[in-house]
Amino acid sequence: MCTRRIIVLSALCFALLTSCHTKKTVDLLIYNATIYTVDSNFLK
Amino acid sequence: MAIEGGKIIATGETKQMQQAYVGNLNIDAQGKYIYPGFIDAHAHFLAYGQSLGAVDLKGTKSWPDVLKKLAAFKKNKSGNDTTWITGQGWDQNDWPDKRFPSKSGLDSLFPNNPVVLSRIDGHAVIANQKALDLAGIRPYDSIKGGEILVQDSALTGVLIDNATQLVFKQIPMPTEAEATEALLKAQQNCFAAGLTSLQDMGEDTILIPLLDSLQKAGSLKMRLYVLLLDKKANFDYLLKKGIIKTDYLHVPGFKVFADGALGSRGACLLQPYSDDSTSYGFLLSSKAHYDSVAKFIYKHHFQMATHAIGDSAVRTMLKIYAKYLKGPNDRRWRIEHAQIVNPADLHYFKDNQIIASMQPTHATSDMYWAETRLGPERIKNAYINKTLLEQCGYLPLGTDFPVEDISPIKTFYAAVFRRDASGFPKDGFQIENALTRQEALQGMTIWAAKAAFEDKEKGSLEPGKFADFVVTDKDLMQADVEDILKTRILMTFIGGQKVFDRSGRPILR
Ligand SMILES: [Zn+2]
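These protein sequences, in sequence, are chains A and B. Here our numbering is used: the first residue of the first sequence is 1, the next is one more, and so on. Here our numbering is used: the first residue of the second sequence is 1001, the next is one more, and so on.
Mixed in with the good hints there might be a few duds.
Claimed, not checked - In silico PhoX-like links for lysine-lysine, alpha-carbon gap of 25 Å or less:
| no. | chain 1 | residue 1 | chain 2 | residue 2 |
| --- | --- | --- | --- | --- |
| 1 | A | 24 | B | 1498 |
| 2 | B | 1350 | B | 1295 |
| 3 | A | 23 | B | 1498 |
| 4 | B | 1498 | B | 1058 |
| 5 | A | 24 | B | 1295 |
| 6 | B | 1295 | B | 1241 |
| 7 | B | 1007 | A | 23 |
| 8 | B | 1232 | B | 1287 |
| 9 | B | 1144 | B | 1287 |
| 10 | A | 24 | B | 1007 |
| 11 | B | 1015 | A | 23 |
Everything labelled a hint here was simulated from the structure, so no lab data went into it.
Construct the entire structure; sequences and hints are all you get.
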């Protein structure tokens, strides 16, 4: 059996001091969350 | 997480995501927790919707308590109403008198309405005389794969397994409007529970065009995997149409019933019931029938899922599966419930890549009486989620709703802590078969998707997959045991569209 790990993306909110990048417009951006992707590709 | 066209295009740290993307809609999740949308790997969608309109008998304390509820229900009906009355959820195992009830109280309460009340597991009913008359059932009638109970030469009204169909056949089919109403009500409750996909274990073809049209019209947003029941008309239908697959509907095969349920002693056991030495339970059809169904399904590359609860039913089906699968394969055939598995049969799962589809809340609902049925030794072979996970490598989890509550949070809690919603027992029921939190979450997401051949498009939050996800106020991976059941679903999204919002208010308390 292959062990799979849940990848936790801890998305912490920092004060942003970023210069202007060209941003891609998307339908929805959801941010400032702990996301459990339950992704198996990021294994090992 | 960035979403475009209903699909995830990227996940990452907030800072980087905000540098790279700007949304037409931007949602600050305020530090909350996001998971892939929950998938129930074994449910009965229409039956659940219909149960919302039936008399709810769950939690009744005795047969007189059932009659009391029905008397209250009768008050709201007009005097000349002679339509069917259906109820569901009674469980004599929870009553002081654990014998099956008898219908006399029902007959005096409802002389003119046919009444049928399903036991919690749906594998037994009690019907009144009016309903029995319509079905043409007489004392000492018999039916294969079912039982018609008689006491002192009179019908008690209790019907088990195939015998229940004699009565259900008499209930008029729901109209399209009634079915639609039931489905949409069911869907709303499911969204509120964080469910974004359901695996519907057994419908007839007649429902498929309705589901498809409601989904295309946009009113039914729930993603559905539907298996068709073991009937000739259903086999003919899918053979002609081929596997149906849209973004919302997937019909890849068939659901077969090998036996009944443990609670009504319909589960087919290798040794007699510990509390009834004359009874082994029974198979619902002949082995030859199951063999021919498996042969057909294999030949035409459909998927097969079989309800098997008793260790004898499980053995019978595993042997038939193995005969066709012949070792490693990617057919993803499933045993639903696999509730009691003789240790000698475990290897069939691994050898033939057969999936065990489990319902963690069944263990914690049945634990109060299952040992009475099975005895202290055999109970160890029951509800063995961890053992089966080790065999299969992955384990889809579900509820079998309306048999159990629809809540995936309860599934998670039962799977990990082996306690029921009241927190009993503190140390967990047969805790050696608990799953880890990670395994339980996988079981409700990616493993459920895999068991449906849907792991390429859902079950995890990865670029290219459907933006189906839930936001909760507690961290299921970290929260205190005592806090798990307090977890609230704040928002549910399907294809990047919000289908449920807990309050409409800001999501922080
Ligand atoms: Zn079921």
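Hint by hint, here is what the structure shows:
Simply put, residue 24 (chain A) and residue 1498 (chain B) have alpha-carbon atoms about 22 Å apart, close enough for the 25 Å limit, and the pair holds. For the proposed pair residue 1350 (chain B) and residue 1295 (chain B), the alpha carbon gap of about 21 Å is at most 25 Å, so the pair holds. A hinted pair counts as satisfied when its Cα atoms are at most 25 Å apart, and residue 23 (chain A) with residue 1498 (chain B) qualifies at roughly 24 Å. Taking the CA atoms of residue 1498 (chain B) and residue 1058 (chain B), the gap is near 32 Å; set against the 25 Å cutoff, the hint is violated.
Note on residue 24 (chain A) and residue 1295 (chain B): the hinted pairing is violated, with a Cα-Cα distance of about 52 Å set against a maximum of 25 Å. This hinted pair checks out: residue 1295 (chain B) and residue 1241 (chain B) have alpha carbons roughly 19 Å apart, not beyond 25 Å. For the given pair, residue 1007 (chain B) sits about 18 Å from residue 23 (chain A) by alpha-carbon distance, which is consistent with the 25 Å threshold. Straight-line distance between C-alpha atoms of residue 1232 (chain B) and residue 1287 (chain B) comes to about 17 Å, which keeps the hinted pair within the 25 Å bound.
About 13 Å separates the Cα atoms of residue 1144 (chain B) and residue 1287 (chain B), which keeps this hinted pair within 25 Å; it holds. Between the alpha carbons of residue 24 (chain A) and residue 1007 (chain B) the distance comes to roughly 15 Å, so the proposed pair stays at or under 25 Å and holds. Between residue 1015 (chain B) and residue 23 (chain A) the alpha-carbon distance is near 13 Å, which keeps this suggested pair within the 25 Å criterion.
Hint violations for this structure: numbers 4 and 5, all remaining hints satisfied.
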